[in-house]
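Asks: Residues per chain, in single letters:
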Amino acid sequence: MKAIVNTLLWGITVSLLVFFGSGCTSQNTDLSKGKELIKSDKRRKEERAVEKFKLAVGAIQNNTKDSAEANYLLGFYDSQDFYDADKETEAYNAASISERGDHMYKAYSNSPKEYLEILIFETLRSQDPNIQDAARHALKKVYEYDNRQKLLKAIKKAITSKDNRDREDARTIYTAIGKDPRFTQETVEILIELLDHKRKETRLNVVKSLGEIGSEIAIGKLVKIINSGSEKWKREREGPEVRRLAVEALGKIGGQAVGELVKIIQNKGSSMRVDAIQALEKLGDERAIAPLLNVLNEQGGREVTVSY
Amino acid sequence: MDAKKRSSLIIFVCCSILFCFAGCADNEYVDTTLGLTVQQLDGDLDDRWSTTGVVIKNIHAGKTSNQPEIKEGELISHVIGERTINTSSDFNQAIESAMRDGNSFTLEFTNNNQKRRRQRFSVRREGDNVGISVDDNNRIKEIKSGSLANNAGLEEGDQVLTVIDAKNIRTIKDYKKAVKEFSRSKAKISFRTKELIGVKIAAINALARIADASAVETMIRFLEGTDLPLREPAAKGLERLVALSQLNDLFQQFQQEKANQLSTEELNSEALQRAGILGLLAVDLQTNQAILKDPIGTEFRRRSATLYQKISSTKITELAKKYIKREIEPNQEIRRSCLSILGNLQPESVIGDLIAVLEDNQETSGIRFKAGSTLSQIGSPAVEPLIVSFGNGDSGIRDITASSLGNIGGSQARQALIAFLKNENNETTKLTLVDAIAQIGDETSIRILEEQQESLDKNSGLATFLNEILTQRTETKGPEAEADSLDFLKDL
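Chains P and A supply the protein sequences, listed in that same order.
Counted from 1, the first sequence has number 180 at position 180 by our numbering; the numbering is strictly sequential.
Counted from 1, the second sequence has number 710 at position 402 by our numbering; the numbering is strictly sequential.
Treat the hints as calculated values from the structure; they're not laboratory data.
Be aware that one or more of the hints could be misleading.
For lysine to any residue, the following SDA-like pairs were computed, each having C-alpha atoms within a straight-line distance of at most 20 angstroms [claimed, not checked]:
(1) Lys365(A) <-> Asn294(P)
(2) Lys221(P) <-> Arg237(P)
(3) Lys221(P) <-> Gly239(P)
(4) Lys379(A) <-> Glu122(P)
(5) Lys502(A) <-> Gly301(P)
(6) Lys198(P) <-> Lys179(P)
(7) Lys502(A) <-> Lys221(P)
(8) Lys629(A) <-> Lys496(A)
(9) Lys485(A) <-> Arg408(A)
(10) Lys39(P) <-> Tyr145(P)
(11) Lys496(A) <-> Asp409(A)
(12) Lys179(P) <-> Tyr145(P)
(13) Lys198(P) <-> Gly254(P)
(14) Lys379(A) <-> Leu204(P)
(15) Lys502(A) <-> Lys200(P)
(16) Lys502(A) <-> Leu296(P)
(17) Lys544(A) <-> Gln278(P)
(18) Lys252(P) <-> Asp180(P)
(19) Lys502(A) <-> Glu298(P)
(20) Lys156(P) <-> Leu204(P)
(21) Lys601(A) <-> Asn164(P)
(22) Lys157(P) <-> Arg182(P)
(23) Lys379(A) <-> Leu296(P)
(24) Lys365(A) <-> Pro291(P)
(25) Lys54(P) <-> Gln27(P)
(26) Lys365(A) <-> Lys179(P)
(27) Lys179(P) <-> Asp602(A)
(28) Lys234(P) <-> Lys629(A)
(29) Lys198(P) <-> Glu241(P)
(30) Lys224(P) <-> Lys544(A)
(31) Lys601(A) <-> Gly254(P)
Model the full structure from these sequences, guided by the hints.
Replies: If you want it as structure tokens, here you go:
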């Protein structure tokens with residue numbers, strides 16, 4: 001009896017191994033060859049790997065893990081940097097940033113949970129600005145066409161993360177989405193809520209993003225932060241770094257923000273006067289001229305009798 | 309613990325908590341005595357600008373105090389109380405208060421000649437004794453020997469009139485305390501206000517960058533003024549405004565087309581270079597387009613004409629001419645800026661003054677060379693004076709004048725340089741002369757240099773230098789040379 005049970009157990013184990021083994025080897029040949037090329041030391045390996053990824057994308061059925069991987073790798077590596085400009089091969093000039101981003105988006109569509117994390121927490125960490133742009137293009141498409149709530153949750157996780165790289169990357173996603181006029185209002189409202197987050201570095205990135213988006217909707221809240229330096233309670237006072245960036249953000253927003261920058265210049269108790277002046281200097285706005293001349297006419301360093 | 313002790317402890321704890329909170333919340337104070345509301349300064353003003361004090365938030369209407377003199381927004385660094393002394397007790401109280409909160413005060417007194425005098429006392433440590441006592445007629449009755457008062461020239465019998473105590477204000481609490489104390493003792497109260505010089509410097513820099521015509525007079529006012537930290541930024545600001553005004557022709561081309569982008573072929577390449585250096589535009593070498601930088605270049609496009617008119621109608625040459633002189637202007641950065649201004653305006657009337665700077669061996673070599681390059685910018689009218697200066701000058705002057713002549717070019721400068729080279733014995737000056745002739749770079753100059761090269765010992769320093777210059781020249785000569793001249797604008 002014992003021998004029979006043992007034989008059965010062995011049989012099950014071996015069949016399972018064979019089953020899983022066959023599962024592993026069933027990956028599309030072009031995809032695995034492409035991946036091997038990337039790992040190798042071969043000459044022009046990326047260019048050759050991209051050819052394989054292209055074949056794999058054409059051959060693999062949609063909504064599979066392989067299809068997601070092939071698309072992602074194609075989006076990641078299909079860069080003109082790897083092609084020989086002198087030879088101007090067919091592949092050269094082939095993929096624009098948006099096309100690469102579209103492949104990354106396809107990867108996400110095939111395996112949303114996995115690639116949402118990858119795009120936000122891995123791809124954006126690439127040193128290559130084109131890869132970052134492609135990833136942001138893909139993420140913006142997720143926002144536009146797919147699961148907006150899940151995306152927002154994931155970016156929020158990143159901008160409130162302990163890791164500075166995640167926070168910076170998340171900031172660039174908010175900026176990329178917020179710069180599209182169709183999504184500005186919603187993005188700015190989300191960012192404004194995040195300005196109350198307990199982590200200072202999160203707030204720093206949020207303020208930066210509000211400046212980069214450049215929407216006038218944010219002016220009121222930014223002004224409140226800047227002026228909080230003289231709030232009654234210490235807990236209501238924002239730190240100087242965030243406030244300085246808020247002034248810089250007003251400078252980037254321009255338009256109606258110029259009036260607010262002028263008010264800061266006129267408040268002699270503010271430590272942000274120089275920052276506001278520099279923001280106006282960068283804007284070159286003529287509304288700044290009279291207030292700046294007034295600053296130069298200010299009286300200071302004098303003694304005034306106030307009571308006899 | 310009995311019930312009585314416990315309840316007193318609870319009351320004590322509650323009071324302490326309330327006291328702490330009240331202390332923290334004191335960020336604003338309505339001063340009913342003087343009719344003002346003052347506010348604590350921004351927290352990091354101290355960290356960034358080492359500035360403490362309070363700022364006047366509002367001035368309440370209808371108060372009897374002398375308010376019109378003071379303005380909302382002013383920053384109070386000191387509250388000064390001027391106490392009239394009638395009795396020895398007044399005197400003792402005033403001195404005690406001054407010494408308690410600081411380490412200095414000013415005494416106003418009359419001496420035997422009934423002359424009013426003021427004497428400031430400053431002790432090393434807070435609370436130190438000054439060494440004076442007064443009688444009930446507020447006359448000094450005793451001065452301790454070796455004390456501060458003794459050394460300050462006060463004499464027994466002098467009559468003390470007032471004690472002036474300037475209390476440093478760091479917080480709202482300091483302000484409150486000072487005003488209360490001074491008003492209780494019926495002192496005359498004054499505020500010492502403070503200005504942050506950094507803010508004014510930033511404003512000057514910003515106005516120079518925005519480059520509006522209205523800033524010209526302000527820059528001149530500060531350059532001619534006595535506010536030392538503002539003179540140098542004002543000179544640099546004026547330098548920028550003058551440089552920008554000279555780009556008017558270029559910017560008018562953009563303005564006439566109402567465009568922020570034009571083909572470089574239609575534009576003066578030297579003006580493009582200067583505008584690039586001043587940060588107003590960039591050149592796209594692939595499309596050969598000059599693109600105004602937004603907003604600094606695009607905004608200036610509209611202001612250029614008025615700035616040009618303002619600069620042309622203001623006597624800036626006279627002003628700059630005055631401040632290039634070492635005897636008048638001790639700050640060499642201001643002298644340098646003024647030389648730059650003259651280089652841009654190129655007035656022939658200042659050639660003599662520039663030659664004088666160039667020949668001034670007490671002047672720094674940087675400024676002397678700058679005077680030389682300003683003469684080069686003025687061009688051919690400066691050739692003759694430069695030749696004279698070379699002929700009369702020492703090797704230092706010869707170096708500068710030769711370079712300037714090389715930069716100006718033309719046959720007169722070339723002939724002079726060649727003649728100088730033939731007669732020159734100093735090896736270093738010879739190198740400068742060769743360099744200057746190569747700078748002119750026309751056929752005659754090169755022929756002369758080649759002849760010179762043949763006549764020299766091949767191992768000599770001059771021969772090596774000549775060889776280098778002539779080789780470099782052959783290498784850079786070619787169709788790309790002109791494109792190269794704009795190449796650096798690419799990244800600006």
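Asks: Taking the hints in turn, state whether each one holds.
Replies: Status of each hint after checking the structure:
For the given pair, Lys365(A) sits about 18 angstroms from Asn294(P) by alpha-carbon distance, which is consistent with the 20 angstroms threshold. A distance of roughly 13 angstroms separates the Cα atoms of Lys221(P) and Arg237(P); the hinted pair therefore holds under the 20 angstroms criterion. Between Lys221(P) and Gly239(P) the CA atoms are separated by roughly 15 angstroms; this keeps the pair inside 20 angstroms, and the hint holds. This hinted pair does not check out: Lys379(A) and Glu122(P) have alpha carbons roughly 56 angstroms apart, beyond 20 angstroms.
Between Lys502(A) and Gly301(P), the direct Cα distance comes to roughly 4 angstroms. Compliance with the 20 angstroms bound is thereby established for this hinted pair. The straight-line distance between the Cα atoms of Lys198(P) and Lys179(P) is roughly 26 angstroms, outside the 20 angstroms bound, and the hint therefore fails. The suggested pairing of Lys502(A) with Lys221(P) is violated, with an alpha-carbon distance near 30 angstroms, which exceeds 20 angstroms. With a CA separation close to 49 angstroms, the supplied pair Lys629(A) and Lys496(A) exceeds the 20 angstroms bound.
Taken as a hint, the Lys485(A) and Arg408(A) pair is honoured in the structure, with Cα atoms around 12 angstroms apart against an allowance of 20 angstroms. A threshold of 20 angstroms between alpha carbons decides the hint, and for Lys39(P) with Tyr145(P) the separation of about 34 angstroms lies outside it, so the pair is violated. Distance check on the hinted pair: Lys496(A) and Asp409(A) sit about 18 angstroms apart at the alpha-carbon level, within 20 angstroms; holds. For the suggested pair Lys179(P) and Tyr145(P), the alpha carbons sit about 17 angstroms apart, so the restraint of at most 20 angstroms is met.
For the hint linking Lys198(P) to Gly254(P), the alpha-carbon distance of about 28 angstroms lies beyond 20 angstroms, and the restraint is violated. A distance of roughly 35 angstroms separates the Cα atoms of Lys379(A) and Leu204(P); the hinted pair therefore is violated under the 20 angstroms criterion. A C-alpha spacing of about 32 angstroms is found between Lys502(A) and Lys200(P), which places the hinted pair above 20 angstroms, so the restraint is violated. Straight-line distance between C-alpha atoms of Lys502(A) and Leu296(P) comes to about 14 angstroms, which keeps the hinted pair within the 20 angstroms bound.
Between Lys544(A) and Gln278(P) the alpha-carbon distance is near 17 angstroms, which keeps this suggested pair within the 20 angstroms criterion. For a cut-off of 20 angstroms, the pair hint linking Lys252(P) to Asp180(P) stands: about 16 angstroms separates their Cα positions. The straight-line distance between the Cα atoms of Lys502(A) and Glu298(P) is roughly 10 angstroms, inside the 20 angstroms bound, and the hint therefore holds. With a C-alpha separation of about 14 angstroms, the suggested pair Lys156(P) and Leu204(P) falls inside the 20 angstroms cut-off, and the hint holds.
Restraint check for Lys601(A) and Asn164(P): the C-alpha separation of about 32 angstroms exceeds 20 angstroms, so the hint is violated. Restraint check for Lys157(P) and Arg182(P): the C-alpha separation of about 23 angstroms exceeds 20 angstroms, so the hint is violated. In summary, the hint linking Lys379(A) to Leu296(P) is supported, as the alpha carbons are separated by about 15 angstroms, within the 20 angstroms threshold. At roughly 19 angstroms between alpha-carbon atoms, Lys365(A) and Pro291(P) fall within 20 angstroms of each other, so this suggested pair holds.
Annotation: proposed proximity of Lys54(P) to Gln27(P) holds, straight-line Cα distance about 15 angstroms (limit 20 angstroms). Distance restraint check for Lys365(A) and Lys179(P): the Cα-Cα separation of roughly 38 angstroms exceeds the 20 angstroms cut-off, and the hinted pair is therefore not satisfied. Proximity of Lys179(P) to Asp602(A) is assessed by CA-CA distance (about 18 angstroms); at most 20 angstroms being required, the pair is judged to hold. A C-alpha spacing of about 55 angstroms is found between Lys234(P) and Lys629(A), which places the hinted pair above 20 angstroms, so the restraint is violated.
Note on Lys198(P) and Glu241(P): the hinted pairing holds, with a Cα-Cα distance of about 15 angstroms set against a maximum of 20 angstroms. Proximity of Lys224(P) to Lys544(A) is assessed by CA-CA distance (about 36 angstroms); at most 20 angstroms being required, the pair is judged violated. Proposed proximity of Lys601(A) and Gly254(P) is supported: the alpha carbons are some 16 angstroms apart, at most 20 angstroms.
Checked against the numbered hints given earlier, this structure breaks hints 4, 6, 7, 8, 10, 13, 14, 15, 21, 22, 26, 28, 30; the rest are met.
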